[in-house]
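This is what each chain is made of:
There are 2 protein chains.
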Amino acid sequence: MLSKDEEKKISSAVIKRLPRYYRYLGELLENDIERISSKELSVRMDVTASQIRQDLNNFGGFGQQGYGYNVEYLYNEISKILGLEKTYNIIIVGAGNLGQALANYIDFEKSGFVVKGLFDVNPKIVGISVRGLEIQDIDNMEMYVKNKHIDIAVLTLPKQKAPKIANDLAEWGIKGIWNFAPTDLQLKDKSVTIENVHLSESLMTLSYRIKDRV
Amino acid sequence: MLSKDEEKKISSAVIKRLPRYYRYLGELLENDIERISSKELSVRMDVTASQIRQDLNNFGGFGQQGYGYNVEYLYNEISKILGLEKTYNIIIVGAGNLGQALANYIDFEKSGFVVKGLFDVNPKIVGISVRGLEIQDIDNMEMYVKNKHIDIAVLTLPKQKAPKIANDLAEWGIKGIWNFAPTDLQLKDKSVTIENVHLSESLMTLSYRIKDRV
Numbered sequence: 001m002l003s004k005d006e007e008k009k010i011s012s013a014v015i016k017r018l019p020r021y022y023r024y025l026g027e028l029l030e031n032d033i034e035r036i037s038s039k040e041l042s043v044r045m046d047v048t049a050s051q052i053r054q055d056l057n058n059f060g061g062f063g064q065q066g067y068g069y070n071v072e073y074l075y076n077e078i079s080k081i082l083g084l085e086k087t088y089n090i091i092i093v094g095a096g097n098l099g100q101a102l103a104n105y106i107d108f109e110k111s112g113f114v115v116k117g118l119f120d121v122n123p124k125i126v127g128i129s130v131r132g133l134e135i136q137d138i139d140n141m142e143m144y145v146k147n148k149h150i151d152i153a154v155l156t157l158p159k160q161k162a163p164k165i166a167n168d169l170a171e172w173g174i175k176g177i178w179n180f181a182p183t184d185l186q187l188k189d190k191s192v193t194i195e196n197v198h199l200s201e202s203l204m205t206l207s208y209r210i211k212d213r214v
Numbered sequence: 215m216l217s218k219d220e221e222k223k224i225s226s227a228v229i230k231r232l233p234r235y236y237r238y239l240g241e242l243l244e245n246d247i248e249r250i251s252s253k254e255l256s257v258r259m260d261v262t263a264s265q266i267r268q269d270l271n272n273f274g275g276f277g278q279q280g281y282g283y284n285v286e287y288l289y290n291e292i293s294k295i296l297g298l299e300k301t302y303n304i305i306i307v308g309a310g311n312l313g314q315a316l317a318n319y320i321d322f323e324k325s326g327f328v329v330k331g332l333f334d335v336n337p338k339i340v341g342i343s344v345r346g347l348e349i350q351d352i353d354n355m356e357m358y359v360k361n362k363h364i365d366i367a368v369l370t371l372p373k374q375k376a377p378k379i380a381n382d383l384a385e386w387g388i389k390g391i392w393n394f395a396p397t398d399l400q401l402k403d404k405s406v407t408i409e410n411v412h413l414s415e416s417l418m419t420l421s422y423r424i425k426d427r428v
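Residue numbers (the working numbering), protein chains in the order written: chain H, 1 to 214; chain F, 215 to 428.
If you're looking for bench data, these hints aren't it; they were derived computationally from the structure.
Note that the structure is a prediction, hence the values are computed from the model and not measured.
Note that the Cβ used here is the ideal one computed from N, Cα and C, for glycine as well.
Treat each hint with caution, since some may be false.
[Stated by the list, open to error] What follows is a list of derived Cβ distance ranges for each label pair:
#1 F:G387 - H:D168: 46 to 52 Å
#2 F:K294 - H:G66: 48 to 54 Å
#3 H:G60 - F:D403: 28 to 34 Å
#4 F:F276 - H:S11: 26 to 32 Å
#5 H:D137 - F:L401: 51 to 57 Å
#6 F:D353 - H:L29: 44 to 50 Å
#7 F:K300 - H:R131: 51 to 57 Å
#8 F:E286 - H:A13: 45 to 51 Å
#9 H:D184 - F:K375: 44 to 50 Å
#10 H:D168 - F:E323: 43 to 49 Å
#11 H:K164 - F:N336: 36 to 42 Å
#12 F:S343 - H:T48: 48 to 54 Å
#13 H:N76 - F:N318: 54 to 60 Å
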């Protein structure tokens, strides 16, 4: 594996493909497959074999000529590259249906993302228990984030409210924001990493592809 | 705008950027901005101006030398390209938190995606009303899809159940599947378009970027 400095030059297109490799390798592991050639992997993943080799060479390779990849080793290495051997403390801001769905998503916890708290402004749902965690009033959030070493905030709240809360969270020391509000957040504090999820974009890709059959 | 035959050669990378252009142009419209140069648009969107020109040239251009783009015109043209001037009848399969969150997402309806039915296997939630629609037993789904001209099925159900239900839906005439089950669906019927959403992938991209600060 390369040093962090060398890693830094890696394009975001490569980074985006790593979780896919990770998912496919996980499925191979579940099926007790021990090794795989870049060609076989490429057929399964619908990318070219040379793309796979190029992507993995960014991190120092891992393959062996004529042998292919050791599935478990490669899975573990990609896990480390993605930072999945660490544990991330998470809060969910906005505990409506989407926030609760994410809190209940057990796969996230398996990958080291542990939901520590849920917050909402709605007094009707404050106090309700979701997976053993009581939804808290958003007024408690500042103290909570400052005292509990929260790493990531998941924003599942309206577009209008997201920018102010995101800037507050940044000030309180959060390191990453996983934003589901339908807007591209831009913070004053550039040290906070933002990952914007735009669900409607993938729905529009779908309509593009079926529009002539509807 | 080009004919469908010409459109077909357009790469999926371009298609994926179109909804982003659409969103940004929508925000410009909301702010009463009438025209914009590819350079200004590129700064806002963090892609190069030449990328924008290239992408839009795939559909015949739309820009005018020295004038830039007419925001409303470009917004409407991209809307047509994405198929958003049509109406899509949607069902949601799996009416848990995520299914209900998507059913309640009013922006989808504004773009022409109309939720017509929700289905679940869980008798405890069958009959509950979500945005005026009663959650139905999944046993009703076949007749419903066949009789009601359903175009798109949203799958918010466990990974294990998704492949069988997806193949059934394809047989019953569905045209597109928006899949939230954490697996890449592959159907026998290749005429059905599948858009897989992998939420965990974007979370892993986030952990990659913050891992050294945690």
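(message) Given the hint of 44 to 50 Å, is the C-beta distance from D353 (chain F) to L29 (chain H) inside that range or not?
(response) For D353 (chain F) and L29 (chain H) the Cβ distance comes to about 36 Å; the hint is violated.
(request) Could you tell me whether the CB distance from G60 (chain H) to D403 (chain F) stays inside 28 to 34 Å? (result) violated (42 Å)
(request) May I ask you to test the hint 54 to 60 Å on the CB atoms belonging to N76 (chain H) and N318 (chain F)? (result) The hint (54 to 60 Å, Cβ to Cβ) is violated, given that N76 (chain H) and N318 (chain F) are roughly 40 Å apart.
(message) Please check whether D137 (chain H) and L401 (chain F) have a Cβ separation lying inside 51 to 57 Å.
(response) violated (46 Å)
(request) Return holds or violated for the Cβ distance of G387 (chain F) and D168 (chain H) against the range 46 to 52 Å. (result) holds (49 Å)
(message) Please check whether D184 (chain H) and K375 (chain F) have a Cβ separation lying inside 44 to 50 Å.
(response) violated (34 Å)
(message) Holds or violated: the 48 to 54 Å window for the beta-carbon distance between S343 (chain F) and T48 (chain H)?
(response) Holds: the Cβ-Cβ distance is about 49 Å, inside 48 to 54 Å.
(request) Take a look at whether the Cβ-Cβ distance between K164 (chain H) and N336 (chain F) falls inside 36 to 42 Å. (result) holds (38 Å)
(message) Assuming the hint says 43 to 49 Å, is it satisfied by the Cβ distance from D168 (chain H) to E323 (chain F) or not?
(response) Given range 43 to 49 Å: violated, Cβ gap about 31 Å.
(message) Quick check: does the Cβ-Cβ distance between F276 (chain F) and S11 (chain H) fall within 26 to 32 Å?
(response) holds (29 Å)
(message) 51 to 57 Å was suggested as the range; check whether the CB atoms of K300 (chain F) and R131 (chain H) agree with it.
(response) violated (39 Å)
(message) A range of 45 to 51 Å was offered for this pair. Does it hold for the Cβ distance of E286 (chain F) and A13 (chain H)?
(response) violated (32 Å)
Hint compliance for this structure: hints 3, 5, 6, 7, 8, 9, 10, 13 are not met, and every other hint is.
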